Amino acid sequence: MNRSSNTPFASTEKKLGLYPVVDSVEWIERLLKVGVTTLQLRIKDQQPDDIEQKIIEAIKLGKQYHARLFINDYWQLAIQHHAYGVHLGQEDIDIADLYAIKQSGLRLGISTHNETELQRAKALRPSYIALGHIFPTTTKDMPSKPQGLKALKQQVEQTPDFPTVAIGGISLEKVPDVVATGVGSVALVSAITKAPDWQQVTRKLLELVEGNHHAK
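Numbering-wise, the sequence shown is residues 0 to 215 according to numbering that gives the first Met the number 0.
Note that these hints are calculated values from the structure, not bench results. Keep in mind that this is a model prediction, so the values were computed, not measured. Glycine included, each C-beta is placed from N, C-alpha and C at the ideal position. Keep in mind that the hints are not guaranteed to be accurate.
[To be verified] Derived lysine to aspartate or glutamate pairs resembling DMTMM-like cross-links, with alpha carbons at most 20 Å apart:
1) K13 <-> E156
2) K14 <-> D160
3) K43 <-> D72
[Claimed, not checked] What follows is a set of in silico ranges between Cβ atoms, one per label pair, in the way DEER data are often shown:
4) A150 <-> D196: 29 to 35 Å
5) D44 <-> E156: 33 to 39 Å
6) R119 <-> Q75: 21 to 27 Å
7) D196 <-> T115: 38 to 44 Å
Just need the whole structure built from these sequences, with the hints factored in.
Set out below in structure tokens:
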């Protein structure tokens, strides 16, 4: 469901910094406590009542820590419970009520996997655009091919008016090269959640991506 409008979605920071994508409220709370300020809750394959309760809890935590919490996919619940923002994939854009999201004041992030999708996303004037996947990833099944650093750099240069987020197969070791492309944010999943010492890794990632040394 879509109503045409040339007005942009609500704005967010130009550089969103480190952007972990996690599947539980527990991870949201852990990461907020060590100084992460941009996060995404991506819940899959759970009961509707459980999903709503977890979204409510996550939004409450996000507000408590003054963080930018994006809800993946569940835009109706994100609007209902006043989330900071929502993230949609290309397939979600066709069925979500983008006008309702815009009118609610929520920020909107959109996934892209190639030049065509990037141009489509730009036309919608979202709050940020995710560029991926950069490297091979096992976190989710991807029909598209990894784009690599060269393509990422080109896309960042083509997208000066939007905050950009790199995502897909990004490990701790690859972060410096990703940051060097000029992208404003680095989203990752398993680099944190599967790390033997996730706290140490998260603090290191905050330093690499945001250049700060004040992580809690």
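Taking the hints in turn, this is what the structure says about them:
Restraint check: the Cα-Cα separation between K13 and E156 comes to about 14 Å, which is no more than 20 Å; the hinted pair holds. Restraint check for K14 and D160: the C-alpha separation of about 12 Å stays at or below 20 Å, so the hint holds. Pair hint K43 plus D72 holds up; C-alpha atoms about 9 Å apart against a cutoff of 20 Å. The hinted window of 29 to 35 Å between A150 and D196 holds, with their beta carbons roughly 32 Å apart.
Distance hint for D44 and E156: a CB-CB separation of about 37 Å, consistent with the stated range 33 to 39 Å. For R119 paired with Q75, a C-beta distance near 22 Å keeps the hint of 21 to 27 Å intact. With their beta carbons about 40 Å apart, D196 and T115 fall inside the hinted range of 38 to 44 Å.
Hint compliance for this structure: no hint is broken.
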